[in-house]
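In the order they appear, the protein sequences are chains A and B. Under our numbering, the residues of the first sequence are numbered 1 to 338, in order. Under our numbering, the residues of the second sequence are numbered 1001 to 1353, in order.
No lab work stands behind these hints: they were computed from the structure. In this text the structure is predicted, and so the values were computed from the model without any measurement. In this text, a Cβ means the ideal position worked out from N, Cα and C, and glycines have one as well. Some clues are possibly wrong.
What the hints assert, rightly or not - Every beta carbon over 10 Å from chain B, so not counted as near; a handful from chain A, in silico:
1. K18
2. A121
3. I235
4. V316
5. K334
As the list claims (entries may be wrong) - Quick list of the computed label-pair ranges, beta carbon to beta carbon:
6. A:G45 / B:I1314: 54 to 62 Å
7. A:T21 / B:F1015: 48 to 56 Å
8. A:R141 / B:V1154: 38 to 46 Å
9. B:L1332 / A:T21: 54 to 62 Å
10. B:F1225 / A:Q195: 33 to 41 Å
11. A:R141 / B:N1092: 44 to 52 Å
12. A:T21 / B:I1166: 22 to 30 Å
13. A:I60 / B:F1064: 53 to 61 Å
14. B:Y1036 / A:A121: 56 to 64 Å
15. B:V1195 / A:I60: 47 to 55 Å
16. A:E91 / B:I1314: 40 to 48 Å
17. A:F114 / B:G1319: 44 to 52 Å
18. A:T245 / B:I1169: 40 to 48 Å
19. A:H75 / B:A1153: 27 to 35 Å
What the hints assert, rightly or not - Dumping the calculated DSSO-like pairs for lysine-lysine here, alpha-carbon to alpha-carbon at most 27 Å:
20. B:K1239 / A:K18
21. A:K20 / B:K1249
22. A:K20 / B:K1239
23. B:K1247 / A:K117
24. B:K1247 / A:K79
25. A:K18 / B:K1289
26. B:K1249 / A:K77
27. A:K79 / B:K1239
28. A:K33 / B:K1239
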Amino acid sequence: MNSLIDIKALEIGYRLSKSKTVSLLPPVNLQLKRAAITGLIGVNGSGKSTLLRTLAGVLIPLSGEMLFDNFNASHLKLKDRARLISVVLTETIDDPYLKVIDVVAMGRYPYTGFLGKLDKADFEICYHAMESTGIMQLSQRRLNQLSDGEKQKVMIAKALAQDTPLILLDEPAAYLDYPSKIELMLLLKKLTIEQHKTILISSHDLEMLLRTVDDLWLIGRDLPAIQGIPEQLVIDGLISQYFGTDAIFQESGHLSNLGESDSSEGFYVAGDGFRAHWVRHALIRTGRLISYKLSSKNQIIIEGSNFEYRMNGDVVFKTSIFEELLIKLSENEKLFNT
Amino acid sequence: MMDKQRKHWIKPGSFIILSLVLAGLFLLNLISGSVYIPINEVFSILFGDSGTFKAANEIIVGDFRLNQAITAMLSGAGLAVAGLLMQTLFRNPLADPSILGISSGASLGVAVMLMVLGSVSGNVAVISGVWGSVGLIVAASVGAFLVLLLILAVSNRIGNIVSLLIIGIMISYIGGALVGLIKYYGQKDDVHAFVIWGMGSFSNVSNSILPFFGFSLIIPLLLSFLFVKPLNLLLLGEKYASGLGLKVKTNQWLVLLIAGFLTAVVTAFAGPVAFIGLAVPHFARNLFKTSGHSILLPAVVLIGAILALFCNWIARLPGFDGNLPINAVTSLIGAPMVIWIIIRRKDIYRSNS
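Modelling step: build the complete structure from the supplied sequences, incorporating the hints.
In structure tokens form, the structure reads like this:
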């Protein structure tokens, strides 16, 4: 079996009274891939959180089933569910005296008795969880001394200590700055590979999800929930359709047109991949075209930190400064246009 | 490593010191007052070593100071635990036992009794004597427990615990307004009797009702220790707590029941005693540098009892001619304590930026 969870005709929403229900989405049929990161995305109010909370068992589905390893999990006891699914939320905890280790240790509560006493093995698991998330050195720090990114790592360590095959994350990166977001996603990816965790993460940040997730769930108002690998959904135009706008890919739309541009006006960029990527980025941003044909009229050759511009094979100028490159290109174009 | 070792005995050490302070204050409450009674006499009275003390002193200690000290201790512990439970439940450092309107229910009960009986009998005689104090206790209990029942019933119908906080505050307003109306139409002496009740006192509990009082506080105090694990989980908020397998609603309801019961009992017997419930949990967290309830619960029991005994001792210092209103003393000591803790806490917040 390649999927951990099979969602079949699951109806999610709210129960107003015994007979009255409000369904948020058409019945959902999705499979959650095992040992992979799956992103959940959709416009605001489409029911991302409701779907996640239904999977987490906080909300009861209106109908349908969730098969957890072929076992219907929609009516599991809360305590048993806590050993299958752990959650990480947007909200961070702000308590002046809670230490990192205290919070991580809470992950062991589903396994402890009435008094919640932890034994040595429990603490071993907590230390391992903190090691995996790279917060071992923070273990005695108080929570409110940490950055938001560190706090979310603590919550992920808590989820690891909970020792569940599935981790659900509801907008965990909403308050994080860009580097922390990327770090978070890389950490999650590592967990799928090294610890075979199955991870479902909802986010507003389409770009972040496209860059990192293995599989993407797409939901929208009055549209059936669908899934696929991110690139497939982009190419099929489904993401634009579900978000109801083409604007999302305007910038990257240029990027996807690059290969098709065989215009002789396009720029051929050669050299080290990283710099070449950013040179193309700058060219596109300033409204130029890219060409992948060696015979192209305009060529930018990157050598070390130098950019060399050649026109019809002749070197026109050399510079190591991005801004100068763009300015000189414009001057050159003006010269030839007049 | 050194640091770790030191931390290991700080906790038991603090508990031993707190227990000694508690014992010392307990004795101090028996010794001092309008009449000084030497410590050896107090011991003789306590342990029934006859002949070595004056009969009058036996009455002072046995019938007044002893039950007053025990009442203060139990009330302080009860209010402090109720305050801690409320603060954890509502995840709000400003929550205190009176926040759900239970104290204001007790006030209303007392106001109704005083004014109704006062206008029936045309006199305030009801307030004096044993029947007067039992009457006050019954009236306050009825008021407090009616509000508690109302709160518990309402809590099942609303989704969010914070809404409950708002409802509690609204009930307080309603209670306060009704008390105001009753006072407006009441007779001067009745109003005065009400004001005196509102200032609180640990001397309402006579020897005959002390066992009942003690029993109705010790049971919920012991029960609160069964909730260490749920309370710790609730520190993370409702969503995380339920994600960790806690039946959040059930546990919130039970904790609410215990906290409300403690508040209702103390308020019924000692009047609305302010600030102990708010200040003691802060003091305990600050002292033990933890939010964990396995430490905090016993800590607030001890510190609550200590603070109440201390306030009771101050209120009865010889220079003050009898009893200062306990409510004034607890507020005068409790409020600066909270301010001090908050100013010190700022350092914690500062150090992270």
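Hints, one by one, checked against the model:
1. A cut-off of 10 Å between C-beta atoms confirms that K18 of chain A is not in contact with chain B; the least separation is 16 Å.
2. Every beta carbon of chain B lies more than 10 Å from that of A121 of chain A, the smallest distance being close to 18 Å; the non-interface claim holds.
3. Listed as outside the interface, I235 of chain A is consistent with that label: its C-beta sits roughly 36 Å from the nearest C-beta of chain B, beyond the 10 Å cut-off.
4. Non-interface status of V316 of chain A relative to chain B is upheld: no Cβ of that chain comes within 10 Å, the nearest being about 51 Å off.
5. For K334 of chain A, the non-interface assignment is confirmed: its Cβ lies about 50 Å from the closest Cβ of chain B, beyond the 10 Å cut-off.
6. For G45 of chain A paired with I1314 of chain B, a C-beta distance near 58 Å keeps the hint of 54 to 62 Å intact.
7. Distance hint check for T21 of chain A and F1015 of chain B: the Cβ-Cβ separation is about 54 Å, which falls inside the suggested range of 48 to 56 Å.
8. For R141 of chain A and V1154 of chain B, the Cβ-Cβ distance of about 40 Å falls inside the hinted range of 38 to 46 Å, so the restraint holds.
9. At roughly 56 Å, the beta-carbon separation of L1332 of chain B and T21 of chain A lies within the given 54 to 62 Å, and the hint holds.
10. In this structure, F1225 of chain B and Q195 of chain A meet the distance hint of 33 to 41 Å, their C-beta atoms being roughly 37 Å apart.
11. Taking 44 to 52 Å as the suggested C-beta distance range, the pair R141 of chain A and N1092 of chain B does not conform, at roughly 24 Å.
12. As the Cβ distance of T21 of chain A to I1166 of chain B is approximately 28 Å, the hint placing it in 22 to 30 Å holds.
13. As the Cβ distance of I60 of chain A to F1064 of chain B is approximately 59 Å, the hint placing it in 53 to 61 Å holds.
14. A C-beta distance of roughly 59 Å is found between Y1036 of chain B and A121 of chain A, which places it inside the suggested range of 56 to 64 Å.
15. Roughly 53 Å separates the CB atoms of V1195 of chain B and I60 of chain A, a value that falls within the hinted 47 to 55 Å.
16. For E91 of chain A paired with I1314 of chain B, a C-beta distance near 43 Å keeps the hint of 40 to 48 Å intact.
17. Taken as a hint, the range 44 to 52 Å holds for the pair F114 of chain A and G1319 of chain B, whose Cβ atoms sit roughly 51 Å apart.
18. At roughly 45 Å, the beta carbons of T245 of chain A and I1169 of chain B sit within the given window of 40 to 48 Å.
19. In this structure the hint that H75 of chain A and A1153 of chain B lie 27 to 35 Å apart at CB holds, the actual value being about 28 Å.
20. Distance check on the hinted pair: K1239 of chain B and K18 of chain A sit about 24 Å apart at the alpha-carbon level, within 27 Å; holds.
21. Note on K20 of chain A and K1249 of chain B: the hinted pairing holds, with a Cα-Cα distance of about 23 Å set against a maximum of 27 Å.
22. Under the criterion of a C-alpha separation no larger than 27 Å, the hint pairing K20 of chain A with K1239 of chain B is consistent with the structure, at around 25 Å.
23. Pair hint K1247 of chain B plus K117 of chain A holds up; C-alpha atoms about 19 Å apart against a cutoff of 27 Å.
24. Of the supplied pair hints, the one linking K1247 of chain B and K79 of chain A holds, its CA atoms being roughly 9 Å apart against a limit of 27 Å.
25. About 48 Å separates the Cα atoms of K18 of chain A and K1289 of chain B, which puts this hinted pair outside 27 Å; it is violated.
26. The suggested pairing of K1249 of chain B with K77 of chain A holds, with an alpha-carbon distance near 15 Å, which does not exceed 27 Å.
27. Between the alpha carbons of K79 of chain A and K1239 of chain B the distance comes to roughly 14 Å, so the proposed pair stays at or under 27 Å and holds.
28. Annotation: proposed proximity of K33 of chain A to K1239 of chain B holds, straight-line Cα distance about 25 Å (limit 27 Å).
Hint violations for this structure: numbers 11, 25, all remaining hints satisfied.
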